[in-house]
Structures are given as structure tokens and as C-alpha cells.
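**Q** The lines below spell out each chain.
2 protein chains.
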Amino acid sequence: MTEIVSTQIQLQSRPDGWPTPDDFRTASFTYGDLEPGQVRVRNEFVSVDPYMRGRMNDVRSYVAPYALGETITGGAIGRVVESAADDVPVGAAALHQHGWADVVQADASTFRFVPETPGLPLSLRLHILGMTGLTAYVGLTEIAHLKEGDTVFVSGAAGAVGTAVGQIARLLGAKRVIGSAGSAEKVALLTEKYGYDAAFDYKDGDVRGQLADAAPEGIDVFFDNVGGDHLEAALDAFNDGGRAALCGAIAGYNTTEKAAGPDNMANIITRGLTLKGFTLAAYLHLAPEFQEKMTGWFAAGEIAYDETIVDGIENTVDAFLQMMKGANTGKMLVRV
Amino acid sequence: MTEIVSTQIQLQSRPDGWPTPDDFRTASFTYGDLEPGQVRVRNEFVSVDPYMRGRMNDVRSYVAPYALGETITGGAIGRVVESAADDVPVGAAALHQHGWADVVQADASTFRFVPETPGLPLSLRLHILGMTGLTAYVGLTEIAHLKEGDTVFVSGAAGAVGTAVGQIARLLGAKRVIGSAGSAEKVALLTEKYGYDAAFDYKDGDVRGQLADAAPEGIDVFFDNVGGDHLEAALDAFNDGGRAALCGAIAGYNTTEKAAGPDNMANIITRGLTLKGFTLAAYLHLAPEFQEKMTGWFAAGEIAYDETIVDGIENTVDAFLQMMKGANTGKMLVRV
Chain A
1 MTEIVSTQIQ LQSRPDGWPT PDDFRTASFT YGDLEPGQVR VRNEFVSVDP YMRGRMNDVR
61 SYVAPYALGE TITGGAIGRV VESAADDVPV GAAALHQHGW ADVVQADAST FRFVPETPGL
121 PLSLRLHILG MTGLTAYVGL TEIAHLKEGD TVFVSGAAGA VGTAVGQIAR LLGAKRVIGS
181 AGSAEKVALL TEKYGYDAAF DYKDGDVRGQ LADAAPEGID VFFDNVGGDH LEAALDAFND
241 GGRAALCGAI AGYNTTEKAA GPDNMANIIT RGLTLKGFTL AAYLHLAPEF QEKMTGWFAA
301 GEIAYDETIV DGIENTVDAF LQMMKGANTG KMLVRV
Chain B
1 MTEIVSTQIQ LQSRPDGWPT PDDFRTASFT YGDLEPGQVR VRNEFVSVDP YMRGRMNDVR
61 SYVAPYALGE TITGGAIGRV VESAADDVPV GAAALHQHGW ADVVQADAST FRFVPETPGL
121 PLSLRLHILG MTGLTAYVGL TEIAHLKEGD TVFVSGAAGA VGTAVGQIAR LLGAKRVIGS
181 AGSAEKVALL TEKYGYDAAF DYKDGDVRGQ LADAAPEGID VFFDNVGGDH LEAALDAFND
241 GGRAALCGAI AGYNTTEKAA GPDNMANIIT RGLTLKGFTL AAYLHLAPEF QEKMTGWFAA
301 GEIAYDETIV DGIENTVDAF LQMMKGANTG KMLVRV
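Line by line, the protein sequences give chains A and B. So that you can map any letter, position 269 of the first sequence is 269 in UniProt numbering, and since no number is skipped, the others follow by simple counting. So that you can map any letter, position 9 of the second sequence is 9 in UniProt numbering, and since no number is skipped, the others follow by simple counting.
Don't read these hints as lab results, they were simulated from the structure. Incorrect hints may appear among the rest.
Remember, identical chains collapse to one label, so a pair may be satisfied in a single copy or spanning two.
[Said to hold, decoys possible] 20 Å max Cα-Cα, derived EDC-like pairs, lysine to aspartate or glutamate:
1. Lys293 x Asp240
2. Lys147 x Asp240
3. Lys325 x Asp22
4. Lys175 x Asp22
5. Lys293 x Asp87
6. Lys147 x Glu35
7. Lys258 x Asp58
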């Protein structure tokens, strides 16, 4: 047993609009010897996720705001390097929520020790095999009630959740899958790698028109990661009885003024639409069902994924900011 | 058998914004002798409803637009004055959708001959015992999934649907029922006659603030007849897991510019809200269940109602316009 210095990223001030590096600070902790029952985990990958932006505000939400001066918590995965827990061997893969740190030390009960599949990197537990994949699955099944033959529109389709949504929608029987993304390269990837039937670059403008062109027969399901003009476009494109799973609204996360909502809310009534927002906390009971299906799809070679990797815990804030600006394709990760 | 002259109101031009009397015309028909299977019905009451405004536009909706130069169809009730249908006696009460006319003549199959309850006026079939009551019931049960102990907010609560919603919500176990209306008199009526726990006048402004004051513990269910600032206020007041039944959006029916939507749509995600729009066509199978419950409540003296009555078929357009401006308390009807 030895002392170890841990580098951790903390929130220093609440961002007003777009976060800046000054809103964060890098802190060093020295962990002493392990207490009985504790393990020490060296992270291999740390996750940066859009929902974290919400936690940086001091407002009511489904998770408590981050406290100023404390380490940013969130998904990460690493390996046990020392153990004072009887049943946890050194080398075990440890998934946890201790967040933006290179090394963490805590009671073994705060980690989930996960089996490893040869050939699959640990990082997949932070996205397609983890919460991100589950988010896509829950949104399509429990929230939007996807049916065979549905036409599905996914906003922010080249992100971590979006790439999963398109593939899962197809595997669950969608007839046509349409995605939006923020660059020509991402748009190409959607149709060439992720099985989207049509995709468009929302930065070309006229999201309404582009969606209408891509969905001449309308849409039945909308999986929204963006909000704003994307939700408005979907409300115009919906067929009667359409269902929206509202998962994220990244378009508004860094605005200081509240943006007006869609100008076509009345379509919700006349077309009998359902808009349902969700966060994963209420749906974790679906994780086993999801794991079983996703593992099978993965084994069958049905699932593609991308990772955009930034190296070094000291670059975590930069990775987070780049992700908020859409610099990632697939999952944005920090490799420690 | 004799010929008869029928006075009918037709749509002459599509209103741009608020309808004016010039958008309508009064036509006279002469019906000849009855064909076999036909009945002649003299209307007693003709219904004017908010949804009719939507049908005056030439846009996609859940029902086809009214055709120019044809009689405005919609709910009405009268009595058979001549019958060439074997099983339909003169004097039978006839509920139908032939609309804005004093006398109509058509195949008996286009009428529903309804039993009468002594002491209950026929007009109730056009509201609390008819589609209006069913709308309230369906919205609370199938759409908003009202649970015992819920706090319910109803916009446009003094209208035909709203007065029904408040009472049904209470009878189904709501803990607290809050309503908005457009005058001090209506607000008083809500708490004194319709069992609302709290009510406010939206014309006083600050719907958000007034709702927050009336619902210090938040709302669980929102039954919306108004849209606009009312929906926005509800999105701020919702507790986690809240459910909105979007039934009407009268605030926007007569605007020529599309109004911006709520600025707080992100609450749908963070609070796990469900917004579900509906029109009655998909829920008519619930009519028998509703009729049974409502008849029981009525017999037990649990149901209050109001009618705002305008006399004369020639005043139907005026009644419609007054209703759109909120001049009615409870159901607006034309007595023929």
C-alpha cells in the first residue's frame, strides 16, 4: 500500500452561457492507505456528456447541481490497482460515477465490477454497452413505443446517443431512419456506416425543409437530442399519432436567454401527438433486457460505433467543451 | 308530408384571423317530401364549438376543412317532426352532426335517436352528457392518467369542457383542482359552483406567477384548452412525471401569425413530463363507460353545469364569435 496523488477536475464557478476553462480548476489529492473495504482504481476512460452541462447550473433538475469546489462526478471506467476488499482482485475492471479524475479511491460498493469480453475495449461500457446505449434503447421502446414499419427521425444523430438510436431503431424494425448532424462528414457517416436511409446537415439551415424532403411520407417517431428548430421541424413532419422521445436539448444548453419554443405546438393536438421527456434514472430496470439484446447484436456484428478520444485527464474540460460544440463523432471520451 | 323551408348557415370565405359575419351566409333550402327511410328533424339546440374554427381553415387537420358554400356541420339536437323510417316515431329526440340549421332532412341512419330522462333538457346531450363531457373524461383518464391525490390545473376552466373537467377530476380523486378563466365572475363560479380549490383570472396577466401561487406544491396533471402562456406556466409548475392532456389551444385559433411556443420546453426532459394531444375520434369507444359514470354522477347530484344560450338560428354566427371571445360560461348553445 502506498500513498498516491490523484488529479481531479472541479467546478469553480457556474458557467453563464458557454462554459470556459476558467469555470474549472485542476486539484490534486493525496490518497493515503486504503481503508478496509476500499479499492483504488486507475481510470482508463472518463466520460464527458451533454447532461453534465445542466448540472453545472444551480437549478432544479433530475439530478442535483454540481457543488462548487467539488470534483465533477460522472461515468468513468478503469482497473483496480490496489484492493482492500476481500472479493475484488487487482486488475478487475471497475465502472463508476466518481468522474473526472485519473485515480479514485473509495469503498468497493461504489464501483461496479464488470466482466470483460476479449476484443472489446473497456470504453464501450461508457457508451454503446452502457448508459448511452440504454438511453437509445429506452427512448425508442419505453418512451416512443417504436413499432415495426415506423419512420424515425433522430436529431444529433452522429453523437454517442444518436449513432446508437439509428442502429437500434433499424434492428427493432423501423422502415426508414433519418438523421441530422452538424457537418458533411457526419452526414456521410450516418448513411454509410450507421444505416441511416437519409441524413442532412442542420448547419445548412431550413431544418423544416430538409426534414420534409427526407421524409416525404412523414415521420412516426422522433428521438430528440437537440431541441429548438429540430423539435419544431419534427412537429411539422409528424404523421397522426406520432411519438417524440425528448432526450436532450443541446441547442439550448449554453444559451443565456430562454429561447422560444416551437411555433406549431397546436399540431400536438390536431395530430394526436405524444411528447415524452425522459432521463434514465427511472428506467434502469431495463438494463438487463438491454444488455442481453445489445450483446447479441454486437456478437452478430450488427453494431458500429465511433469514439472521439482526447488524451490526458488534464484535457477533460477541453474534451467537454469540444463535445458541446459537436466536435465529436460518436462518443467523446478522455483516455487517462 | 309537406315541403319545408330550412335556414342554414354556410361558410362563404375562409377567415383570416378573427372570423367576421361576412365570412358566413344564410341560405334557404326547400326540402321536398321525405324519401323512404328519411326523417325530418326540427332542431332545438345547435352547438358552436372552438374546434370549428380550425375547420374553417383550409389546412390538414384531423377532420376535413369545411367546404365553402356548404352548411357548417357540427353537433345539434332536435325532434323528429316527420318520419318515413319505419322504426322512428315522430317526436323522437335526434342527435346529429348536420349542424347549423333549423330543420334538417336526411336518412334516419345519420341521426342517433337518444333516450330522454325526465327533467333533463335535450341540450345536455350537446355538452355534459355528450361529446364535451366525454372529452373531459377521456383527457383526464386515457390521456393524462389522472391518479388519486393528483393536483390538476385546467385552463379555460369556465368553458364547456373546463367546467366538466374540474368536476370529473374531483370525482376521480384529485386532491386539488385549479382553474383559470377570463373574468372575475367566472373565477368566482369556479370555486363556488364547480368545486375548484383555487382559480385565477388570466386577464390579470402573469399566468406563471398566478399558477405558482395557486399550486405551491406543483401540479401533476394539466388539462389544456388554451395553449400559449397557459402551457408555458404549466411546464414551470409541473412536478416530476407530470402529464398534460392537450385538448385545445384557443389562444392561437384566431391569430394570423404563428405564436412562439413555450420557452421552457426543456422542463419536459428534466422533469420527465408527457404532453399528449388528443381529439375525440380515436376514443369514442369510451363513450359507454363515460355515459354510465356520468349518468350515475348526475343522478347523485354531483354535476353542475351552465349554458349560455343565444336564441335564433340566424344568430348562430354571433354565438360562435362570442364563444371564441369567451362570452360564454359553460356551454354556448343556439336555441332554435
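**Q** For each hint, tell me whether it holds in the structure or not.
**A** Each hint tested on the structure:
Taking the closest pair of Cα atoms, Lys293 and Asp240 never come within 20 Å of each other, the shortest separation being 30 Å inside a single copy and 30 Å across copies. Within a single copy, Lys147 and Asp240 get their C-alpha atoms as close as 14 Å, which meets the 20 Å cut-off; across copies the closest is 27 Å, which misses it. Taking the shortest alpha-carbon separations for Lys325 and Asp22, only the intra-copy value of 17 Å comes in at or below 20 Å, while the best inter-copy value is 54 Å. Neither within a single protomer nor between protomers do Lys175 and Asp22 lie at most 20 Å apart by alpha-carbon distance, with minima of 47 Å and 48 Å respectively.
Neither within a single protomer nor between protomers do Lys293 and Asp87 lie at most 20 Å apart by alpha-carbon distance, with minima of 29 Å and 60 Å respectively. Taking the shortest Cα distances, Lys147 and Glu35 never come within 20 Å of each other, neither inside one copy (51 Å) nor across copies (48 Å). For a Cα distance limit of 20 Å, the shortest separation of Lys258 from Asp58 inside one copy, 16 Å, qualifies, whereas the shortest one across copies, 33 Å, does not.
Comparing the model with each earlier hint shows violations of hints 1, 4, 5, 6; every other hint is respected.
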